[in-house]
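Each protein sequence line maps, in turn, to chains A and B.
Residue 83 in full-length UniProt numbering is what sits at position 83 of the first sequence, and the numbering runs on without skipping anything.
Residue 75 in full-length UniProt numbering is what sits at position 75 of the second sequence, and the numbering runs on without skipping anything.
Since the hints were derived computationally from the structure, they do not count as laboratory data.
All residues carry an ideal CB built from backbone N, CA and C; glycine is no exception.
Some hints could be false.
Below, simulated DSS-like cross-link-like pairs (lysine-lysine); rule was C-alpha separation at most 27 Å, straight line [claimed, not checked]: (1) A/K303 with B/K349; (2) B/K340 with B/K437; (3) B/K633 with A/K222; (4) B/K332 with B/K258; (5) B/K245 with B/K596; (6) B/K258 with B/K460; (7) B/K258 with A/K303; (8) A/K237 with A/K149; (9) B/K542 with A/K220; (10) A/K173 with B/K258; (11) B/K437 with A/K220; (12) B/K308 with B/K332.
So the derived label-pair ranges between C-beta atoms look like this [said to hold, decoys possible]: (13) A/F83 with B/G594: 46 to 56 Å; (14) A/F109 with B/G594: 56 to 66 Å; (15) A/L156 with B/P540: 52 to 62 Å; (16) B/T593 with A/T178: 49 to 59 Å; (17) A/S192 with B/N373: 32 to 42 Å; (18) B/E117 with A/I127: 51 to 61 Å; (19) A/S192 with B/T298: 28 to 38 Å; (20) B/K565 with A/S308: 21 to 31 Å; (21) A/P196 with B/T593: 51 to 61 Å; (22) A/D240 with B/G594: 54 to 64 Å; (23) B/S447 with A/L156: 52 to 62 Å; (24) B/T187 with A/S192: 57 to 67 Å; (25) A/S192 with B/D79: 32 to 42 Å.
Okay, here's what each chain looks like letter by letter:
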Amino acid sequence: MDCTNNKTDQLQIIYGDVTLGVHGEDFHYIFSYQTGGLESLVIGGKEWLYRTPKPTCWRATTDNDRGNRFSQNSGMWFGSDMFLFCSNVLVTIDGKDIEKPIAPLNNAFSEREVASTVKVTFTYKTITVPTTEIDVSYEVNGTGRIQVKVHYYGKLGLPELPVFGMRFVMPTKATGFTYEGLSGETYPDRMSGGVPGVYTVEGLPVTRYMVPQDCNVHMKTKWLEVNRNTTQNNADKSKDTFTLRFSAVDKEFAFSCIPYTAEELENATHHEELPLPRRTVVSILGAVRGVGGINSWGAEVEKEYHISAEKDIEYTFEISKG
Amino acid sequence: MVREMKADMNWLDDPEVFRVNRLDAHSDHRFYKDMEDMKNESNSLTQSLNGNWSFSYSMNAKERPMDFYNVDFDDQTFDEIQVPGHIELNGYDKIHYINTMYPWEGHVYRRPKYLLENHPEGAGLFSEADYNPVGSYRKVFDLNEELIGKRVCICFEGVEQAIFVWLNGEFVGYAEDSFTPSEFDLTPYIKEKGNVLAVEVHKRCSAAYLEDQDFFRFFGIYRNVTLYAKPSIHVEDLWVRPSLKEDNTTGKFKMDLKISSAMESDIDTASEIGTVKVILLDKEDNVVFQTEDAINETVSLKPVEIEKVNPWDNHNPYLYTVLVQVYNSEQKLIEVVPYKIGFRRIEIKDNIILLNGKRLIINGINRHEWSANRGRSITIQDMEWDMKCMLENNINAVRTCHYPNQIPWYYMCDENGVYMMAETNLESHGSWQKSGKVEPSWNLPGSHVKWREVVLDRAKSNFEYFKNHTSILMWSLGNESYAEENLAVMNQYYKEVDPERLVHYEGVVSNRIFEDRISDMESQMYTAPWDVEAYLANNPKKPMLLCEYMHCMGNSLGGMISYVKLLDKYENYHGGFIWDYIDQALWVTDEVTGEKVLRYGGDFDDRPSDYEFSGNGIVFADRCEKPAMQEVKYCYGLYK
Numbered sequence: 001m002d003c004t005n006n007k008t009d010q011l012q013i014i015y016g017d018v019t020l021g022v023h024g025e026d027f028h029y030i031f032s033y034q035t036g037g038l039e040s041l042v043i044g045g046k047e048w049l050y051r052t053p054k055p056t057c058w059r060a061t062t063d064n065d066r067g068n069r070f071s072q073n074s075g076m077w078f079g080s081d082m083f084l085f086c087s088n089v090l091v092t093i094d095g096k097d098i099e100k101p102i103a104p105l106n107n108a109f110s111e112r113e114v115a116s117t118v119k120v121t122f123t124y125k126t127i128t129v130p131t132t133e134i135d136v137s138y139e140v141n142g143t144g145r146i147q148v149k150v151h152y153y154g155k156l157g158l159p160e161l162p163v164f165g166m167r168f169v170m171p172t173k174a175t176g177f178t179y180e181g182l183s184g185e186t187y188p189d190r191m192s193g194g195v196p197g198v199y200t201v202e203g204l205p206v207t208r209y210m211v212p213q214d215c216n217v218h219m220k221t222k223w224l225e226v227n228r229n230t231t232q233n234n235a236d237k238s239k240d241t242f243t244l245r246f247s248a249v250d251k252e253f254a255f256s257c258i259p260y261t262a263e264e265l266e267n268a269t270h271h272e273e274l275p276l277p278r279r280t281v282v283s284i285l286g287a288v289r290g291v292g293g294i295n296s297w298g299a300e301v302e303k304e305y306h307i308s309a310e311k312d313i314e315y316t317f318e319i320s321k322g
Numbered sequence: 001m002v003r004e005m006k007a008d009m010n011w012l013d014d015p016e017v018f019r020v021n022r023l024d025a026h027s028d029h030r031f032y033k034d035m036e037d038m039k040n041e042s043n044s045l046t047q048s049l050n051g052n053w054s055f056s057y058s059m060n061a062k063e064r065p066m067d068f069y070n071v072d073f074d075d076q077t078f079d080e081i082q083v084p085g086h087i088e089l090n091g092y093d094k095i096h097y098i099n100t101m102y103p104w105e106g107h108v109y110r111r112p113k114y115l116l117e118n119h120p121e122g123a124g125l126f127s128e129a130d131y132n133p134v135g136s137y138r139k140v141f142d143l144n145e146e147l148i149g150k151r152v153c154i155c156f157e158g159v160e161q162a163i164f165v166w167l168n169g170e171f172v173g174y175a176e177d178s179f180t181p182s183e184f185d186l187t188p189y190i191k192e193k194g195n196v197l198a199v200e201v202h203k204r205c206s207a208a209y210l211e212d213q214d215f216f217r218f219f220g221i222y223r224n225v226t227l228y229a230k231p232s233i234h235v236e237d238l239w240v241r242p243s244l245k246e247d248n249t250t251g252k253f254k255m256d257l258k259i260s261s262a263m264e265s266d267i268d269t270a271s272e273i274g275t276v277k278v279i280l281l282d283k284e285d286n287v288v289f290q291t292e293d294a295i296n297e298t299v300s301l302k303p304v305e306i307e308k309v310n311p312w313d314n315h316n317p318y319l320y321t322v323l324v325q326v327y328n329s330e331q332k333l334i335e336v337v338p339y340k341i342g343f344r345r346i347e348i349k350d351n352i353i354l355l356n357g358k359r360l361i362i363n364g365i366n367r368h369e370w371s372a373n374r375g376r377s378i379t380i381q382d383m384e385w386d387m388k389c390m391l392e393n394n395i396n397a398v399r400t401c402h403y404p405n406q407i408p409w410y411y412m413c414d415e416n417g418v419y420m421m422a423e424t425n426l427e428s429h430g431s432w433q434k435s436g437k438v439e440p441s442w443n444l445p446g447s448h449v450k451w452r453e454v455v456l457d458r459a460k461s462n463f464e465y466f467k468n469h470t471s472i473l474m475w476s477l478g479n480e481s482y483a484e485e486n487l488a489v490m491n492q493y494y495k496e497v498d499p500e501r502l503v504h505y506e507g508v509v510s511n512r513i514f515e516d517r518i519s520d521m522e523s524q525m526y527t528a529p530w531d532v533e534a535y536l537a538n539n540p541k542k543p544m545l546l547c548e549y550m551h552c553m554g555n556s557l558g559g560m561i562s563y564v565k566l567l568d569k570y571e572n573y574h575g576g577f578i579w580d581y582i583d584q585a586l587w588v589t590d591e592v593t594g595e596k597v598l599r600y601g602g603d604f605d606d607r608p609s610d611y612e613f614s615g616n617g618i619v620f621a622d623r624c625e626k627p628a629m630q631e632v633k634y635c636y637g638l639y640k
């Protein structure tokens, strides 16, 4: 149950044996040491997470990626996208790092623990050769706003990335989304024609490329609101729309909001082979490779639209109630 | 010309036989018996034979019903098929998509006749093949009243790939070239009632070497079939040459007519059989000038200069109407021919292509004729949709890749100011491009004299049918057919018959020995922006355009702005044609869900295939715009 007696800006913290609960007015988050990330994101009684979000480092191969053998050269990112694992968790309370508060350390806490800010940082290890790490920190303040900072550590010898960001899989299919950014589907090398504005998209359209592939990326986004009206909670009969908001912090992000993961798209040769759309996959992206198009049998994407994996990538965004 | 009386299957194998009794190509003008028909655009002198035909499919020539053209042949066992349409899409033969490879790759070993010393014969290559399907079509028809008693011809606007025609048991003719009209004179055999038209269509013949376009490989009667009757005096051909003088306000008007009479002796003796009146009308139907000449086999108008014309271009596609009225010696109106033309001037000056004195910018696309329902047998509605889509997205030019299109498309381009690169039906990349590498040990059309007339005829057909279309700024020799003597001869042909237009060919980049004899412009395909710049910055011999660029396969079209920026920097860069307009995929019923789904190359057990390479459009196969279209619209809008 959500905590309803907290009228201050203080966060109530549940030092669990396996998870760290963070409650406030109308929100309730659970960070899991077991699944390696934010396991539950409940606002207004509605769960927003199907599985623990993780960094994403793959996009479903586009025809052009296939043609210039990008996927052969960078394919180890495909494995990492699927099998990334959490290697460390760091909990920071009111700015102070604490020892991972699992049993028996958590015996020292009570049912009335509070803080002004809680930050949980998860470190992920890639399964690339060589391997590298990604830190994802969630910093929650008393209003329930979560600031997510994502830091990729570049490593010499790693092949270029197709994309880098965070992927959130939501339990049910969204009714649509609204964002402030560029019109249409845009990529770094195909956004001159994008017109800035606020746009609403009904449903979760998947661009009907003959062979399903990465699609529906929106560059230069200031914020994104995802709307749903269904949950997987058997006791929840409401059909009212509820909304989650992602906002840019320092610089604009890119995103896609479709019913499929990169791997689901990757595996289909036709649209009819895709699973029935039942979830919402929101990718909040800090870096996107261009799509290219000089030709489809070898020509690379223009140099400035590559993503080096040898350099660090960092970006920040916020999650809040819509 | 001696009329052949008997069909011969060996013609399928011989590149030197590509037309038998086929009429000469001529301008695509519409003609009417009087002004009223013209105003209503209803031509009572034509009779469509589209619709249900009886049909039989055979796997090869040996198994075909040999005597099906006989009047008393019993076609009870025949099926019904819709004309126009592809035989494959009616379920008779496997649908097959393949790009550069010849469609028999891995199935049959073939080398074309005459090119290699160890393969001199090529006899039976197609006529005796185990797999070379044949469609046998029969249609019984009565003549419409207006056609009775007149000279009657038949026009097959498009039949792929070789066609034998009989009427009432008599052999009429043979033709190849799948993408230009094939016309035959039926007058000697036609009756008022109960005509039996028999058409045998062979999927492949020696022309297959020249028609290796990157598309689904179909056969059948896939464009209109129309009978037309010629009035007693008939304009067979007109060649209107409106041009614009250097001052860009004075128009020049030249025109040649070829006229036939039902009584050939009339015209031979040049006795006064009548007069031909030519009137030029502006958009508001004001008479700009008119003139009258005595009818002769050929009538050449004295060149006329016209002050203050409205020049034609993309922004203002101003069209005048040329009205040709044919009167007999009793001053009775026999025939009316209207043709809309525009005054414009295309030229190269100081290495820059100029239209009406201004630098030409091509915001172009390559367009295959395609419908997810009907394949290449597209409808007027499809064409109208395409035109609207192009105009809405700032596309100002179209390349008819890689064959002549249906006739109405050329009229639409005139009306809407869309610049055309009118391409000849020729693509032979399977002969010299193997796995993407240049390997011309044998290549077509090459240099061999026995392969010359066939490609020259394709150039002639392209020129003769479409020469009056103002929108055509350049002729194109074809696509990806390497470059040797026979292409140089085609180039020379276009320059000779039509020195006022430009000639385009890209393939010369693979064999630059022919650079000075082929193509008025440097044309490349898929060159990266920095390599385009390298060419332009290095004292280019010719102005440059990209006949194909921005390969819009799947989620693509990244980096288009880099090309657009080159237009600012180099006056002799003229833009290009995006590859391409529409994804080639077909609606089928999903065998699992029963839903309508789009399928592409390789989805029909068709092997070898190039699979999803069939889809590179800026619109999907169902004509929904791809997301990339907003980039196209923006980039092309910068130089509108």
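Hints, verified against the model:
no.: 1; hint: A/K303 with B/K349; verdict: violated, 36 Å
no.: 2; hint: B/K340 with B/K437; verdict: violated, 45 Å
no.: 3; hint: B/K633 with A/K222; verdict: holds, 24 Å
no.: 4; hint: B/K332 with B/K258; verdict: holds, 19 Å
no.: 5; hint: B/K245 with B/K596; verdict: violated, 55 Å
no.: 6; hint: B/K258 with B/K460; verdict: holds, 16 Å
no.: 7; hint: B/K258 with A/K303; verdict: violated, 59 Å
no.: 8; hint: A/K237 with A/K149; verdict: violated, 35 Å
no.: 9; hint: B/K542 with A/K220; verdict: violated, 41 Å
no.: 10; hint: A/K173 with B/K258; verdict: violated, 69 Å
no.: 11; hint: B/K437 with A/K220; verdict: violated, 41 Å
no.: 12; hint: B/K308 with B/K332; verdict: violated, 34 Å
no.: 13; hint: A/F83 with B/G594: 46 to 56 Å; verdict: violated, 37 Å
no.: 14; hint: A/F109 with B/G594: 56 to 66 Å; verdict: holds, 59 Å
no.: 15; hint: A/L156 with B/P540: 52 to 62 Å; verdict: violated, 42 Å
no.: 16; hint: B/T593 with A/T178: 49 to 59 Å; verdict: violated, 32 Å
no.: 17; hint: A/S192 with B/N373: 32 to 42 Å; verdict: holds, 34 Å
no.: 18; hint: B/E117 with A/I127: 51 to 61 Å; verdict: holds, 59 Å
no.: 19; hint: A/S192 with B/T298: 28 to 38 Å; verdict: violated, 54 Å
no.: 20; hint: B/K565 with A/S308: 21 to 31 Å; verdict: holds, 25 Å
no.: 21; hint: A/P196 with B/T593: 51 to 61 Å; verdict: violated, 40 Å
no.: 22; hint: A/D240 with B/G594: 54 to 64 Å; verdict: violated, 35 Å
no.: 23; hint: B/S447 with A/L156: 52 to 62 Å; verdict: holds, 55 Å
no.: 24; hint: B/T187 with A/S192: 57 to 67 Å; verdict: holds, 60 Å
no.: 25; hint: A/S192 with B/D79: 32 to 42 Å; verdict: violated, 53 Å
Hints 1, 2, 5, 7, 8, 9, 10, 11, 12, 13, 15, 16, 19, 21, 22 and 25, counting from the list given before, are not met by this structure.
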